[in-house]
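Asker: Let's have the full structure, built from the sequences with the hints guiding it.
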Amino acid sequence: MTNLFTHDLGYRHIEIHPLSGAVGAEIHGVDIANGLSTVVFEEVQHAFSDFGVIFFRDQDLTPEQHIDFARRWGKINVNRFFKPVPSYPLIAEVRKEPDQTSNIGGRWHSDHSYDQI
3 MTNLFTHDLG YRHIEIHPLS GAVGAEIHGV DIANGLSTVV FEEVQHAFSD FGVIFFRDQD
63 LTPEQHIDFA RRWGKINVNR FFKPVPSYPL IAEVRKEPDQ TSNIGGRWHS DHSYDQI
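Each number in our numbering corresponds to the 1-based position in the sequence shown with 2 added.
A few of these clues could be false.
[Claimed, not checked] Taking CB as the label site, the calculated pair distances span:
| no. | residue 1 | residue 2 | range |
| --- | --- | --- | --- |
| 1 | E66 | G108 | 30 to 36 Å |
| 2 | E44 | P100 | 40 to 46 Å |
| 3 | K98 | F57 | 28 to 34 Å |
Hints are computed from structural coordinates only; laboratory data are not their basis. Quick caveat: nothing in here was measured; it's all calculated off a predicted structure. Note that the Cβ used here is the ideal one computed from N, Cα and C, for glycine as well.
Answerer: Given below as structure tokens:
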């Protein structure tokens with residue numbers, strides 16, 4: 003399914019489905035597990051710039067594929083507040099355990115805004 007909005011913004015290889023009038027979009031027609039060509043990845047970056055938040059539904063990624071996709075965006079910032087996933091020190095799973103009574107970061111905050119790039 004193609005929508006005019008997708009083509010009006012210059013997208014030719016991915017489908018964009020805006021989620022609201024202000025921010026956020028789902029991207030369809032992309033299989034991250036199989037890798038993205040340079041032109042497709044550039045359109046994904048363009049969508050991130052246009053919408054601020056992008057979602058890829060129903061992706062089935064191995065940890066290695068997740069890391070490969072993250073590296074396309076730049077150097078991975080290793081989270082030092084959460085334990086890494088065993089055998090994958092570049093991935094930290096953020097989760098609330100059943101015995102925790104409050105959520106992590108439940109108030110407005112910005113993760114790592116103080117880090118130097």
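Asker: Which numbered hints are broken by the structure, listed smallest first?
Answerer: 3
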